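The chain contents come next:
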Amino acid sequence: METATLTPLGLKTFVPRPDKAPPLVASGIIGWMRINLFNTSFNSVLTVLALAFLCKVLPPLVSWAFLDASWLTPSPEHEGACWAFIVNKFRVLMVGLYPGEQLWRPMAVAVIMGILSVVTVARKLSTRLLILLWYTLPVGLFFIINGGFGLPKVEQSLWGGLMLSMGLAVIGILLSLPFGILLALGRRSRLAVVRTLCTGIIECVRGVPLITILFMASVMLPIFLPQGVNINNLLRVQIGMILFSSAYIAEVVRGGLQAIPVGQFEAAGSLGLKPWQTTVFVVLPQALRHVVPSLIGRCVALFKDTSLVIIVGLLDFLGMVKASSQDPKWLGYDAEAYVFCAFVYWIICFSMSRYGQSIERRNQW
Amino acid sequence: MYLKRIVVFLCVSFLALGSTGLATTLEDVKARGVLNCGISEGVPGFSIPDSSGRWVGFDVDMARAVAAAVLKDGEKIKFVSLASKQKIVAVSSGQVDLTSRTTTWTLKRDAKQGVDFTTIVFYDGQGFMIPKAMGVTSAKDLDGASVCVTAGTTSELNVADFARANNIKFEIVVFDGKKEALNAYASGRCDVFTTDISQLAALRSTLAKPADHLILPEVLSKEPLSPLVRHGDNQWKDIVTWVTNGLIAAEEHGITKANVLKIKETSKNPVVQRMLGKSGDTGSYLGLDKDWMVRAIQTVGNYGEIYQRHFGPDTQLNIPRGINNLWTKGGQHYALPIR
Chain A
1 METATLTPLG LKTFVPRPDK APPLVASGII GWMRINLFNT SFNSVLTVLA LAFLCKVLPP
61 LVSWAFLDAS WLTPSPEHEG ACWAFIVNKF RVLMVGLYPG EQLWRPMAVA VIMGILSVVT
121 VARKLSTRLL ILLWYTLPVG LFFIINGGFG LPKVEQSLWG GLMLSMGLAV IGILLSLPFG
181 ILLALGRRSR LAVVRTLCTG IIECVRGVPL ITILFMASVM LPIFLPQGVN INNLLRVQIG
241 MILFSSAYIA EVVRGGLQAI PVGQFEAAGS LGLKPWQTTV FVVLPQALRH VVPSLIGRCV
301 ALFKDTSLVI IVGLLDFLGM VKASSQDPKW LGYDAEAYVF CAFVYWIICF SMSRYGQSIE
361 RRNQW
Chain B
366 MYLKRIVVFL CVSFLALGST GLATTLEDVK ARGVLNCGIS EGVPGFSIPD SSGRWVGFDV
426 DMARAVAAAV LKDGEKIKFV SLASKQKIVA VSSGQVDLTS RTTTWTLKRD AKQGVDFTTI
486 VFYDGQGFMI PKAMGVTSAK DLDGASVCVT AGTTSELNVA DFARANNIKF EIVVFDGKKE
546 ALNAYASGRC DVFTTDISQL AALRSTLAKP ADHLILPEVL SKEPLSPLVR HGDNQWKDIV
606 TWVTNGLIAA EEHGITKANV LKIKETSKNP VVQRMLGKSG DTGSYLGLDK DWMVRAIQTV
666 GNYGEIYQRH FGPDTQLNIP RGINNLWTKG GQHYALPIR
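Chains A and B are the protein sequences, given in the same order.
Residue numbering for the first sequence follows the numbering used here, starting at 1 and increasing by one per position.
Residue numbering for the second sequence follows the numbering used here, starting at 366 and increasing by one per position.
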């Protein structure tokens, strides 16, 4: 029965009754399951199979990783995981062979980088200030790790673990972005020399796998250098990675540049902007916005690629995991080591891609 | 114009830098105050970063002895972890002064690749591991067995050679890495697992029941491991050779890390007196001081002590001395006379 109220003019207003709740099978958990898990017979079969698989796999995994695990003291008789291995090796996994009395330095750097990342993600500062911070702070942090300005020098052969992986990745990303953008712009240049050179670099580098570049940098290069000239192995590897990453970023950015309609150039030109102004203020901001997902993808890929440096003898995070599992005092904990390694890599890569998604969402208008 | 200047500048600076490399390795090392040493990225017993971030192992101690003899401090050493492919180039190009990295002494490396080997520090060789339940005691009884090997190494070739030489047949199952091959063996995919004996022991100790597996006495190949130095710097090669040799001599004479100073004062043996710089000056032949060997022994102990520390019964590896014992005890280590 409809209720009716009287308005000041004495007219009845129609007020509908509240909707009836949808039938139980279409709402709540059951409804969600019907829509998402059992909407077709094929999907129903898949759901059942997946559930069966999980039932088979999860309980032993959980009991290995948590229930039967020993956490702080090694116990070889244990059925489950021995996380004591990770606890014992935590320091070398994080900072490699960095000397014990200087440990505060990588810790301080980790804290500063953490704060910088949080500030970046929280968008509390203007983009310009953030870019400035990202390109200046790491320089100072490098000196904290390396030494100088009163701090004792720590040999780069002692750097390792997650610190090395992150360092290679952060410096690699920060430097290969501008180089990549320059290469992309150079490839579209009207000057034949610049265009040919940039195209040549991009195609040459993209034509070989990263492993080859690393090998060239660390095995072949010393042969060609004169006796006594030693470019640090780490520096050679870092340059190789920047070169590799730049070439790929250049192609990503070129995709973005090509998506800019000619009208934008013409409009900018008609406003009296010079070519470089057109590029910097009109074209690049739009182009980069188009390619944010791919750029984030390249950054994640670069971070994961740092694990390749093990083939040239650098003990990055994965290298340290491998080396630690060879310790005669701790033999036989490979599974724990690799699970931990995978977990850390996943956390970092997943955070990066989530951040990328948040940028994309913000850019949609 | 600019380009020309830059090219000239680069050429000059390269020449200037290049000429710095003409000093002998000993002078370089002393001037630098640090010995640069290449090691492996992690081989059980040979070189491993321990939990406190310090390199430990047999190869590491051999290098520390050189640092102690030359620079008077076994800590004045910078370890550079080298991948297998880098180990030769790193020495020949002067990135490191010395590589102590499980490297087999072969003709090609010695003659063709710009490096010199010093002394054999460890006699390794490829061996077989089988489940005890198989009831076999000699590799020659393994006719028809399937063997798990690692791809791309000489192991594969050695197994084939061994089979042909003994007129037996193996079914060779190839895996990408040592661990994968071992896992396949552990799960019963093949009857025999093979790699270098020094590694067999380490890998055996990671199996569920190490005592159920047997390492057979046959050695399929010779893998004499030696430190390497750059080709052509004879003085430096002599130093590394004789420090290592001195550690073996120390074991022959019962000189240990603990008693070296006491023996130096009390020993009446002229051989020992010469070695420890009590009489004569053996160090000066090498460009070192009188106490070169005392410091080396004080830092790492004699050869036997180093071996026991990293491969002895107290370690998980527990590799019997066997061929790596002194010649007086049925092994191969025979110290050259220090005089």
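Misleading hints may appear alongside valid ones.
[Unchecked claim] Facing chain A, according to a computed beta carbon distance under 10 Å, are these residues of chain B, among others: (1) G407; (2) I413; (3) I533.
[Unchecked claim] Stretches of chain A that chain B covers, calculated by requiring three or more beta carbons in the stretch to come under 8 Å of a beta carbon on chain B: (4) 134-145; (5) 205-219; (6) 281-294; (7) 303-316.
[What the hints assert, rightly or not] Calculated pairs, DSBU-like style, for lysine-lysine (alpha carbon to alpha carbon, straight line, at most 30 Å): (8) A/K322 with B/K627; (9) B/K534 with B/K477; (10) B/K627 with B/K643; (11) A/K329 with B/K587; (12) A/K329 with B/K450; (13) A/K153 with B/K441; (14) A/K322 with B/K441; (15) B/K694 with A/K329; (16) B/K477 with B/K497; (17) B/K395 with B/K505; (18) B/K497 with A/K329; (19) B/K627 with A/K153; (20) B/K443 with A/K153; (21) A/K329 with B/K443; (22) B/K574 with A/K329; (23) B/K633 with B/K622; (24) B/K450 with B/K505; (25) B/K437 with A/K153; (26) B/K574 with A/K322; (27) A/K322 with B/K505; (28) B/K395 with A/K329; (29) A/K322 with B/K543; (30) B/K443 with A/K322; (31) A/K322 with B/K587; (32) A/K153 with B/K587; (33) B/K543 with B/K574; (34) A/K329 with B/K633; (35) A/K56 with B/K450; (36) B/K543 with A/K329.
It should be emphasised that the hints constitute simulated quantities derived from the structure, not laboratory data.
Keep in mind the model is a prediction, meaning the values are calculated, not measured.
The C-beta atom is built at its ideal place from N, Cα and C for all residues, glycine as well.
Practice item. Could you tell me which of the numbered hints above are not met by this structure, giving the numbers in increasing order? Key: 3, 4, 6, 8, 9, 16, 17, 19, 24, 27, 28, 32, 34 and 35
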